[in-house]
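Q: Since chain X is already given, all that's left is putting chain E on it; use the hints.
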Amino acid sequence: ILNVEQSPQSLHVQEGDSTNFTCSFPSSNFYALHWYRWETAKSPEALFVMTLNGDEKKKGRISATLNTKEGYSYLYIKGSQPEDSATYLCAFLTAGNMLTFGGGTRLMVKP
Amino acid sequence: DTGVSQDPRHKITKRGQNVTFRCDPISEHNRLYWYRQTLGQGPEFLTYFQNEAQLEKSRLLSDRFSAERPKGSFSTLEIQRTEQGDSAMYLCASSYSVDEQFFGPGTRLTVL
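Protein sequences, first through last, are from chains X and E.
If you use this note's numbering, the first sequence corresponds to residues 3 to 113, in order.
If you use this note's numbering, the second sequence corresponds to residues 147 to 258, in order.
Bound-form chain X, shown alone:
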């Protein structure tokens, strides 16, 4: 059973703060790492698909980095806004095309 861990489990920040979360995953048999954002009562939304060691991807104020050799990825949010409040999930893609998800980081941004 693959172990994908996310920390912290939850995070409260003030509007305007920058923040980051960690996803750790097995460093062997790596295919891809996915990041999703899941807002309450909505569908999980894909943020990034990361495949190469050293990848850095950016979408607006959100960016992510990938280290496959040591098995971790960071997600950064610059200048958090209340609309960033959501659960952020990372998922490790296996050879069998299965995504194994971490438990998520629940972010709450206070105005």
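Wrong hints could be hidden among the right ones.
Only part of the chain X face toward chain E is listed, based on derived beta-carbon distances under 10 Å [what the hints assert, rightly or not]:
(1) VAL6
(2) TYR38
(3) SER45
(4) PRO46
(5) GLU47
(6) LEU49
(7) LEU91
(8) CYS92
(9) LEU95
(10) GLY98
(11) MET100
(12) LEU101
(13) THR102
(14) GLY104
Keep in mind that the hints were calculated from the coordinates and are not lab data.
From the three backbone atoms N, C-alpha and C, an ideal C-beta is built for every residue, glycine too.
A: Here is chain E on its own, set in the frame of chain X:
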């Protein structure tokens, strides 16, 4: 809206009843996935189809769970003889390849 749709959005049933959920993927996507999500956990993979072929079903939680995708388009997930522990959010996703998966809004099942 051409996203992934799921029906029903909510289902309340009594223990021992059978339930069936439907997923309509994005039309050009050949891959379809089912996940289960319980409170405080990330989604847990259940099964996966490529076109009409079910390529992975070892993660279905018990023999009470089954899934079909008869014509390679929509899919159904059936749970027979439901138990209280089956209460969860059931998510469907589709993709064209091994790229990002597009998720539906989920079906929330409550077993009384």
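Q: Please go over all the hints and tell whether each is borne out by the structure.
A: Quick rundown of the hints versus the structure:
Annotation: interface hint on VAL6 (chain X) holds; nearest CB of chain E at approximately 8 Å, less than 10 Å. Using the Cβ-Cβ criterion of 10 Å, the hint placing TYR38 (chain X) at the interface with chain E is satisfied: the shortest such distance is roughly 8 Å. The restraint placing SER45 (chain X) at the interface with chain E holds, with a minimum CB-CB distance near 4 Å, inside the 10 Å limit. Interface hint at PRO46 (chain X): satisfied, since its Cβ lies 4 Å from the closest Cβ of chain E, which is below the 10 Å cut-off.
About 8 Å separates the beta-carbon of GLU47 (chain X) from the nearest beta-carbon of chain E, less than 10 Å, and the hint is met. A least Cβ separation of about 9 Å between LEU49 (chain X) and chain E falls short of the 10 Å threshold, and the interface hint therefore holds. Interface restraint check: LEU91 (chain X) against chain E, minimum CB-CB distance 5 Å, threshold 10 Å, status holds. The criterion of a C-beta within 10 Å of any C-beta in chain E is met by CYS92 (chain X), whose closest approach is roughly 8 Å, and the hint holds.
The interface hint given for LEU95 (chain X) holds, since its Cβ lies 7 Å from the closest Cβ of chain E, which is under the 10 Å cut-off. Because the beta carbon of GLY98 (chain X) sits about 6 Å from the nearest beta carbon in chain E, less than 10 Å, this interface hint is met. Taking 10 Å as the C-beta contact cut-off toward chain E, the hint placing MET100 (chain X) at the interface holds, the least distance being around 5 Å. Interface restraint check: LEU101 (chain X) against chain E, minimum CB-CB distance 6 Å, threshold 10 Å, status holds.
Interface hint at THR102 (chain X): satisfied, since its Cβ lies 7 Å from the closest Cβ of chain E, which is below the 10 Å cut-off. Hint status for GLY104 (chain X) relative to chain E: holds, with the closest Cβ pair at about 5 Å, below 10 Å.
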